[in-house]
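Novice: The lines below spell out each chain.
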Amino acid sequence: MSQAAIETPSSWADAENDLPATQVTENADGTKTIISYKINDQGKKVKVTQKVKLVTVKETVDPAIAARRKWAKYGDEQDNPTVGPDDKTTQFGEEVQLILGTSWKEDAQKEAENRKKEMAKSKPQTITCRTCQGDHFTSKCPYKDTLGAADATTTTPQASATATPEPSMAAVAGSGPVRYVPPHLRKRAGGAAPETERKDRDDSTTLRVTSLNEQVDEMMLREVFERYGIIKRATVLRDRETRRSKGIAFVEFENVNDAQRALEGLNGRGFMNLIMKVDWSKPRKT
Amino acid sequence: MMRPLMLKGHDRSLTQVKFNREGDLLFSVSKGKEASVWYSSNGERLGTFVGHNGTIWSIDIDPETDYAVTGSADFTAKLWKAENGQCIHTWTLESPVKRVEFSPDGNQVLIVTDQVMGQTGKIKLFDIDHTQNAQPSTPKLEIVNEDGPASRFTVAGWSYGAFYILAAHADGKVSKYDARTGELLGSTRNQEMVLTDLQFSPDKTYFIVSSKDKTACLYDVDRLSLLKRYTADVPMNSACITPVKEFVILGGGQDAREVTTTSLSEGKFESRFYHKIFEEEIGRVKGHFGPLNYVAVHPKGTCYASGGEDGFVRLHHFHRSYFEFLYDVEKTAQATQQFEIEAK
Numbered sequence: 001m002s003q004a005a006i007e008t009p010s011s012w013a014d015a016e017n018d019l020p021a022t023q024v025t026e027n028a029d030g031t032k033t034i035i036s037y038k039i040n041d042q043g044k045k046v047k048v049t050q051k052v053k054l055v056t057v058k059e060t061v062d063p064a065i066a067a068r069r070k071w072a073k074y075g076d077e078q079d080n081p082t083v084g085p086d087d088k089t090t091q092f093g094e095e096v097q098l099i100l101g102t103s104w105k106e107d108a109q110k111e112a113e114n115r116k117k118e119m120a121k122s123k124p125q126t127i128t129c130r131t132c133q134g135d136h137f138t139s140k141c142p143y144k145d146t147l148g149a150a151d152a153t154t155t156t157p158q159a160s161a162t163a164t165p166e167p168s169m170a171a172v173a174g175s176g177p178v179r180y181v182p183p184h185l186r187k188r189a190g191g192a193a194p195e196t197e198r199k200d201r202d203d204s205t206t207l208r209v210t211s212l213n214e215q216v217d218e219m220m221l222r223e224v225f226e227r228y229g230i231i232k233r234a235t236v237l238r239d240r241e242t243r244r245s246k247g248i249a250f251v252e253f254e255n256v257n258d259a260q261r262a263l264e265g266l267n268g269r270g271f272m273n274l275i276m277k278v279d280w281s282k283p284r285k286t
Numbered sequence: 287m288m289r290p291l292m293l294k295g296h297d298r299s300l301t302q303v304k305f306n307r308e309g310d311l312l313f314s315v316s317k318g319k320e321a322s323v324w325y326s327s328n329g330e331r332l333g334t335f336v337g338h339n340g341t342i343w344s345i346d347i348d349p350e351t352d353y354a355v356t357g358s359a360d361f362t363a364k365l366w367k368a369e370n371g372q373c374i375h376t377w378t379l380e381s382p383v384k385r386v387e388f389s390p391d392g393n394q395v396l397i398v399t400d401q402v403m404g405q406t407g408k409i410k411l412f413d414i415d416h417t418q419n420a421q422p423s424t425p426k427l428e429i430v431n432e433d434g435p436a437s438r439f440t441v442a443g444w445s446y447g448a449f450y451i452l453a454a455h456a457d458g459k460v461s462k463y464d465a466r467t468g469e470l471l472g473s474t475r476n477q478e479m480v481l482t483d484l485q486f487s488p489d490k491t492y493f494i495v496s497s498k499d500k501t502a503c504l505y506d507v508d509r510l511s512l513l514k515r516y517t518a519d520v521p522m523n524s525a526c527i528t529p530v531k532e533f534v535i536l537g538g539g540q541d542a543r544e545v546t547t548t549s550l551s552e553g554k555f556e557s558r559f560y561h562k563i564f565e566e567e568i569g570r571v572k573g574h575f576g577p578l579n580y581v582a583v584h585p586k587g588t589c590y591a592s593g594g595e596d597g598f599v600r601l602h603h604f605h606r607s608y609f610e611f612l613y614d615v616e617k618t619a620q621a622t623q624q625f626e627i628e629a630k
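Protein chains in written order, with the numbering used here: chain A, 1 to 286; chain B, 287 to 630.
Don't read these hints as lab results, they were simulated from the structure. Do not take every clue at face value.
Claimed, not checked - In silico PhoX-like links for lysine-lysine, alpha-carbon gap of 25 Å or less:
no., chain 1, residue 1, chain 2, residue 2
1, A, Lys121, A, Lys110
2, A, Lys70, B, Lys294
3, B, Lys572, A, Lys110
4, A, Lys116, B, Lys572
5, B, Lys586, A, Lys58
6, B, Lys586, A, Lys70
7, A, Lys73, B, Lys304
8, A, Lys73, B, Lys459
9, B, Lys514, B, Lys490
10, A, Lys70, B, Lys367
11, B, Lys572, A, Lys232
12, B, Lys514, A, Lys116
13, B, Lys304, B, Lys294
14, A, Lys70, B, Lys514
15, B, Lys294, B, Lys554
16, B, Lys490, B, Lys408
17, A, Lys88, B, Lys294
18, A, Lys88, B, Lys317
19, B, Lys554, A, Lys117
20, B, Lys498, A, Lys73
21, A, Lys88, B, Lys572
22, B, Lys317, A, Lys73
23, B, Lys304, A, Lys88
24, A, Lys110, B, Lys554
25, B, Lys319, A, Lys88
26, A, Lys73, B, Lys294
27, B, Lys426, B, Lys367
28, B, Lys408, B, Lys459
29, B, Lys294, A, Lys232
Claimed, not checked - Among chain B residues calculated to face chain A with C-beta under 10 Å, some are:
no., residue
30, Leu291
31, Phe559
32, Gly573
Stated by the list, open to error - To spell it out: a stretch of chain B is covered by chain A in this simulated footprint if at least three of its residues, at any positions, have a beta carbon under 8 Å from a beta carbon of chain A; those stretches are:
no., region
33, 308 to 317
34, 325 to 339
Note that beta-carbon positions come from the ideal geometry of N, C-alpha and C, so glycine has one too.
Work out the full structure, taking the sequences as your base and the hints as a guide.
Specialist: Listed below in structure tokens is the structure:
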């Protein structure tokens, strides 16, 4: 390739830039060693040693198919300069699973049931009757008349003895100061950091995208980020009720280098009339 | 796991997708006015057929991939050069064209016309002259539906050797006609509602018919007897028979007009894989955001394409696990066979 250019005699003025000719040596094991020289960005001479093995892959194709492969494009594609698939019309979708099996339906059903059971288990009992400790409102208590109205002085010993599951309730009934405990910290001894659950997820390849246009959805996000590499996950944070985008999204790449390139390429770039901010989803440990 | 290729060449819902004989090209038509041609290996679009003036309901390719034929709601069927997308002939008919198909030898084409606006639904057979562009404009044979609009033709196809025409009706009836004389040779009715699709096995000796009554039925051509029945839980729009593996693929989903009132998970917009012999559902592939209007499988069984109401064609290349899947009984049978060979 560049061999010819190197071998042509150059003028004396360029003499100091002259690079030694490329050497190609055939090795005993059928490989080739190519030693070439080039000048890098800093203007330094660099020696490049490549070991190359040539493998001939033979592929037999039906002649009709080979002929069709050479057909010129027509119709709407006639003036399309793109070589190969154009990502306007051809894209990779998300991975889908096809697990063939006779029992997949039952498995899926079982899984759904298990999930339901777990949901039921983890659901905290939020309503406790102050009169009888049942799971109904105090005003709806069937023993309201027989046990008498809920009275702090009469129920306090009872409540502390049965140790209600709610720490906040315990705080009310117990001697400690009345303090509001947020729901996500309840039931945790010593207010253990809630992040512990999330620690197992590897966020090293995840980018956080902020000041995103509300119109942008996962598909559009993918379209923009996909050119930098394979995307594992793209999520737009949404309002729980209205499903409106909050303008924040997370994009997880398959590898860090792609993520780094996407970060460099897209941070501060305009997208749908807003200037995107792209950052790592978590501060990096370097 | 598979990564499907998403082909976004149409802005309206797909009506039919079809591979050519070698399977290197995929043809798709939609409710838009153009047909698209794709390379099935990488999803690159080769071109479009421009010229129709309404929904294109159907497309077919002749065995040599010289010609493609399309049938449209603009009362025409067109013949195209597959190589350059030129329209070389237009047949004008008296009602919308619902289905077109080349005979197995490519020398004839059948056109199913809809029974609307006071017209009687017909299946028309035309000869194809491969030596010139102009084609005969009068049909060689016309098969007329005589049972009223409730039993109109919806789709039809050619059997092996172009001996018979198999037609599916709107009332769930399947009938068989002689392709030379147009004589009705028999009919059977095993489904309750509109038949949506009819696709043949690779050798064209048996075929599968999908129906809005949530079933698909497998019939044989010679006796027109019901061989198998596959039951789903949503209306089915299409069904195909896979080569290599003994499966059938069904596609469908809730009706388009009801989709907006339900959530995605309830729509059941999945391709369903059934075992052809055991009639059991063995797997599903998710992906479309609307009902599947057509499923087609590569003639070598290596991939399949589905066209959805959402305007996408999804092209799935099968992984090894697909080809290795066997029922327990099949495994046992293989093992005993192997054992017997070794014993000898």
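Novice: All the hints need checking, so say for each whether the structure fits it.
Specialist: A quick look at each hint next to the structure:
1. Straight-line distance between C-alpha atoms of A/Lys121 and A/Lys110 comes to about 16 Å, which keeps the hinted pair within the 25 Å bound.
2. Our distance criterion of 25 Å between C-alpha atoms is met by A/Lys70 and B/Lys294, whose separation comes to about 22 Å.
3. Simply put, B/Lys572 and A/Lys110 have alpha-carbon atoms about 19 Å apart, close enough for the 25 Å limit, and the pair holds.
4. Between the alpha carbons of A/Lys116 and B/Lys572 the distance comes to roughly 22 Å, so the proposed pair stays at or under 25 Å and holds.
5. With a C-alpha separation of about 21 Å, the suggested pair B/Lys586 and A/Lys58 falls inside the 25 Å cut-off, and the hint holds.
6. With a C-alpha separation of about 22 Å, the suggested pair B/Lys586 and A/Lys70 falls inside the 25 Å cut-off, and the hint holds.
7. Under the criterion of a C-alpha separation no larger than 25 Å, the hint pairing A/Lys73 with B/Lys304 is consistent with the structure, at around 19 Å.
8. Of the supplied pair hints, the one linking A/Lys73 and B/Lys459 is violated, its CA atoms being roughly 42 Å apart against a limit of 25 Å.
9. Taking the CA atoms of B/Lys514 and B/Lys490, the gap is near 16 Å; set against the 25 Å cutoff, the hint holds.
10. Of the pairs offered as hints, the one joining A/Lys70 and B/Lys367 holds, with about 15 Å between alpha carbons and a cut-off of 25 Å not exceeded.
11. The suggested pairing of B/Lys572 with A/Lys232 holds, with an alpha-carbon distance near 18 Å, which does not exceed 25 Å.
12. Only pairs whose Cα atoms come within 25 Å are accepted, and B/Lys514 paired with A/Lys116 is rejected, the gap being roughly 36 Å.
13. A distance of roughly 16 Å separates the Cα atoms of B/Lys304 and B/Lys294; the hinted pair therefore holds under the 25 Å criterion.
14. A threshold of 25 Å between alpha carbons decides the hint, and for A/Lys70 with B/Lys514 the separation of about 43 Å lies outside it, so the pair is violated.
15. Only pairs whose Cα atoms come within 25 Å are accepted, and B/Lys294 paired with B/Lys554 is accepted, the gap being roughly 22 Å.
16. Restraint check for B/Lys490 and B/Lys408: the C-alpha separation of about 22 Å stays at or below 25 Å, so the hint holds.
17. Among the hinted pairs, A/Lys88 with B/Lys294 is consistent with the structure: their alpha-carbon atoms are about 7 Å apart, no more than 25 Å.
18. Between A/Lys88 and B/Lys317 the alpha-carbon distance is near 20 Å, which keeps this suggested pair within the 25 Å criterion.
19. Proposed proximity of B/Lys554 and A/Lys117 is supported: the alpha carbons are some 24 Å apart, at most 25 Å.
20. In summary, the hint linking B/Lys498 to A/Lys73 is not supported, as the alpha carbons are separated by about 38 Å, beyond the 25 Å threshold.
21. Pair hint A/Lys88 plus B/Lys572 holds up; C-alpha atoms about 22 Å apart against a cutoff of 25 Å.
22. With a C-alpha separation of about 23 Å, the suggested pair B/Lys317 and A/Lys73 falls inside the 25 Å cut-off, and the hint holds.
23. Taking the CA atoms of B/Lys304 and A/Lys88, the gap is near 21 Å; set against the 25 Å cutoff, the hint holds.
24. About 19 Å separates the Cα atoms of A/Lys110 and B/Lys554, which keeps this hinted pair within 25 Å; it holds.
25. A hinted pair counts as satisfied when its Cα atoms are at most 25 Å apart, and B/Lys319 with A/Lys88 qualifies at roughly 19 Å.
26. The straight-line distance between the Cα atoms of A/Lys73 and B/Lys294 is roughly 17 Å, inside the 25 Å bound, and the hint therefore holds.
27. This hinted pair checks out: B/Lys426 and B/Lys367 have alpha carbons roughly 22 Å apart, not beyond 25 Å.
28. Between the alpha carbons of B/Lys408 and B/Lys459 the distance comes to roughly 15 Å, so the proposed pair stays at or under 25 Å and holds.
29. Using a Cα cut-off of 25 Å, the hinted pair B/Lys294 and A/Lys232 holds, with the two alpha carbons roughly 22 Å apart.
30. A cut of 10 Å between beta carbons decides the hint on B/Leu291: the least distance to chain A is about 6 Å, and the hint holds.
31. Checking B/Phe559 against chain A by beta carbon gives a least distance of about 7 Å; that is within 10 Å, so the hint holds.
32. Among the interface hints, the one on B/Gly573 holds; its C-beta lies about 5 Å from the nearest C-beta in chain A, closer than the 10 Å criterion.
33. Requiring three or more residues with a Cβ within less than 8 Å of a Cβ of chain A, the coverage given for the region 308 to 317 of chain B holds, as 3 such residues are present.
34. With a cut-off of 8 Å between beta carbons, the region 325 to 339 of chain B has 10 residues touching chain A; three or more are needed, and the interface restraint holds.
Hints 8, 12, 14 and 20 from the list above are not met by this structure, while the remaining hints are.
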